[in-house]
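As you go down the protein sequences, you meet chains A and B in turn. The opening position of the first sequence corresponds to residue 1 in this note's numbering, with each subsequent residue numbered one higher. The opening position of the second sequence corresponds to residue 1001 in this note's numbering, with each subsequent residue numbered one higher.
Check each hint, because a few of them may be wrong.
[Stated by the list, open to error] Every beta carbon over 12 Å from chain A, so not counted as near; a handful from chain B, in silico:
hint: 1; residue: F1028
hint: 2; residue: I1047
hint: 3; residue: I1049
hint: 4; residue: W1084
hint: 5; residue: G1132
hint: 6; residue: V1153
hint: 7; residue: G1164
hint: 8; residue: L1203
hint: 9; residue: L1215
hint: 10; residue: L1220
hint: 11; residue: K1267
[What the hints assert, rightly or not] Calculated cross-link-like contacts (lysine-lysine; reagent style PhoX-like; alpha-carbon spacing at most 20 Å):
hint: 12; chain 1: B; residue 1: K1040; chain 2: A; residue 2: K18
hint: 13; chain 1: A; residue 1: K35; chain 2: A; residue 2: K264
hint: 14; chain 1: B; residue 1: K1075; chain 2: A; residue 2: K18
These aren't lab readings, by the way, just hints derived from the structure by calculation. C-beta atoms are modelled at their ideal positions from N, C-alpha and C, and glycine is treated no differently.
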Amino acid sequence: MEKRDTLIEVRNLKKFFKIGDNTLKAVNDLSFEIKRGETLGVVGESGCGKSTAGRTILRLYEPTAGDVLFEGQSVMKLNHQEMKAMRRNMQMIFQDPYASLNPRMTVGDIIGEALDIHGLASGQKRKERIQELLSLVSLNPEHMNRFPHEFSGGQRQRIGIARALAVEPKFIVCDEPISALDVSVQAQVVNLLQQLQEKMGLTYMFIAHDLSMVKYISDRVAVMYLGKMVELADSEKLYEKPLHPYTQALLSAIPIPDPEVERKRERIVLQGDVPSPMNPPSGCHFRTRCPKAMPECSAVEPVWKEVEPGHFAACHLYN
Amino acid sequence: MQLTKEHFEPISVDLRQAEEIKRPSLSFWADVWRRLKMNKVAMASLIFILLLVACAIFIPIFSSHDYYTTNLAGKNKPPSAEHWFGTDDLGRDVFVRVWYGARISLEVGFAAALIDLIIGMIWGGIAGFYGGKVDEIMMRIADILYAIPYLLVVILLMVVMEQGVVTIIIALTITGWIGMARIVRGQILQLKAQEFVLAARSLGADNNRLIFKHLIPNALGPIIVTLSLTVPTAIFTESFLSFIGLGVSAPVASWGTMSAEGLAAMKYYPWRLMFPALFISVTMLAFNLFGDGLRDAVDPRLRK
Ligand SMILES: Nc1ncnc2c1ncn2[C@@H]1O[C@H](COP(=O)(O)OP(=O)(O)OP(=O)(O)O)[C@@H](O)[C@H]1O
Ligand code: SF4
Ligand SMILES: [Mg+2]
């Protein structure tokens, strides 16, 4: 693979929510980079903080601590005006195609809103640009005067993609863009995202809860557990040689299409439930379910380190 | 039968064709109107309300009688061609007085609803939008005000103000806006966490755009429904206060004062009680039925 420069650098990012007197550490100290033009997959069980991470990186939530650098520039230190300009670089595609489009606005206005906010086009040019964006995501440009409820889930997700593309961003957080869709249209939307990436040189952070889909589209994959990253590697490497016991367990749950291999394979079944993020276990957060847990795992939190070149993990097995 | 590869043939799907949309394009409010029109009861109520408003405006203007001229020679007359609803104990025309009463009732109803809307929307909107401490303090203040009974407020206001329509409206709205504020706050709180609001923020939308393009248009349904149910409550309260002598005072006609006067003479001159009482009941019913119909039309999922 060619050497790519870094587009996004996340440094010790934290996002805690206050819930009553408790603190919920939804995102707890993430550090990683995303290279220009790559797709970084992020996987983890529901509630592990994937959406919160994506939203905090885009500064839709103010971080509790840490910073994000976009092309070397600190996003969190920008003032109001600079942030507005920065928003043209970074966009998001949302999880729920029903909740992510304003039901009182026409599709044209939903896509055109970005043009209005940044003064990118008005009048006839605005209309042409909206139609161009609709065509780009394979929707009928004549449908710009219709309302979101008239479209199917897949079509709505395309509208959401067109909206994100309207500002010509460089980086898009795709927050489980296909989880809510029928299996039959999932592939269409993924293919569209890939085509757009190729055509426009986009960089994606692709969030999903299931490893098999992420493998297909990601260059590198990060695995999250209870607000922390536990492993990050090239997707080939991660699938061939997962280091972290949690990744190993996730991978072993994916069926392999070859029945010979499938039968002989050993499956790691995780014990117990995911602990509450309000009150995570001491030391390694995964220790209550880890088949390889050792005494020191409950005492000391494992550090995030580069175990092999380009392969990061946080586990005492690799100290 | 043995299936071989040749039995299967890929079907080409024309994407454009597949994305054809059959339903006519309707905006939210056009859709509400379509559903409302199908509801016969609500439409009948709406027509009644519109007629009531029109009559309350025009009948007192064009009638040959007025509400205050007394005629002791022709007192307590039963309904006739000259006095459709009869006359009262001072010989005043009950028909015209009923329509004057309608004016007062509607004035109080609409004014109270409008003031509730304005205060409730600003108060609830700010609390819901900013959340956190601001929300907590504002809603705590609302809770405290809510605990004061309006009857007490009316009596206290009577001490410092003249008895009349304005006093009633103030008394009603001092605590009345709280219901609206709670509705608006709940709506905004729920809406602002939705992904389309996050999407607008990620595009760089400022607070003004968020509030006026995204939050209010989506909260408008429940707001209007609440509003339509505030009107009959206010009308009833005005009638009640006037009935017990805390409302408008003579010679002004209100359905409440007319009922009170009519009640005293119910045995001998029943029309003097019957007409104002009938108007109160039917008007309340119409507003409530219309409000219910509107609620169903705005949010069909709420229908029981
Ligand atoms: N605005 C918020 N206020 C309080 N807690 C929140 C908020 N948003 C998320 N959380 C909590 O933070 C944790 C992480 O949530 P998040 O939505 O980031 O998870 P996720 O990995 O995206 O899950 P999913 O796969 O279900 O989307 C959850 O426990 C959630 O309840
Ligand atoms: S640190 Fe210990 S408990 Fe955590 S994953 Fe590694 S071995 Fe398991
Ligand atoms: Mg999520």
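- prompt: Closest CB-CB distance from G1132 (chain B) to chain A, is it above 12 Å?
  reply: violated (9 Å)
message: The output says I1047 (chain B) does not contact chain A. Does that hold with a beta carbon cutoff of 12 Å?
response: Non-interface label on I1047 (chain B) holds, nearest chain A Cβ at 28 Å vs cutoff 12 Å.
query: When you look at the beta carbon of L1220 (chain B), is every beta carbon of chain A farther off than 12 Å?
result: Violated, because the least Cβ-Cβ distance between L1220 (chain B) and chain A comes to about 8 Å, which does not exceed 12 Å.
query: Within 20 Å, alpha carbon to alpha carbon, are K1075 (chain B) and K18 (chain A)?
result: violated (73 Å)
field: Whether W1084 (chain B) stays farther than 12 Å from all C-beta atoms of chain A, as the label says
entry: holds (47 Å)
- prompt: Would the least Cβ to Cβ distance between F1028 (chain B) and chain A come out above 12 Å?
  reply: Non-interface label on F1028 (chain B) violated, nearest chain A Cβ at 5 Å vs cutoff 12 Å.
query: Would the least Cβ to Cβ distance between L1215 (chain B) and chain A come out above 12 Å?
result: violated (10 Å)
- prompt: Per the stated criterion, does the least C-beta distance between I1049 (chain B) and chain A lie above 12 Å, as a non-interface residue requires?
  reply: holds (26 Å)
- prompt: For V1153 (chain B), is the shortest beta carbon distance to chain A beyond 12 Å?
  reply: Consistent with the label, V1153 (chain B) stays out of reach of chain A, its closest Cβ about 35 Å off (over 12 Å).
message: Beyond 12 Å on every Cβ pair: is that true for G1164 (chain B) relative to chain A?
response: holds (41 Å)
query: Quick one, are K1040 (chain B) and K18 (chain A) close enough, alpha carbons at most 20 Å?
result: At roughly 50 Å apart (the allowed maximum being 20 Å), K18 (chain A) and K1040 (chain B) break the hint.
message: Can you confirm whether the C-alpha distance between K35 (chain A) and K264 (chain A) stays at or below 20 Å?
response: violated (38 Å)
Figure legend: structure checked against the earlier numbered hints; hints not met, in rising order: 1, 5, 8, 9, 10, 12, 13, 14.
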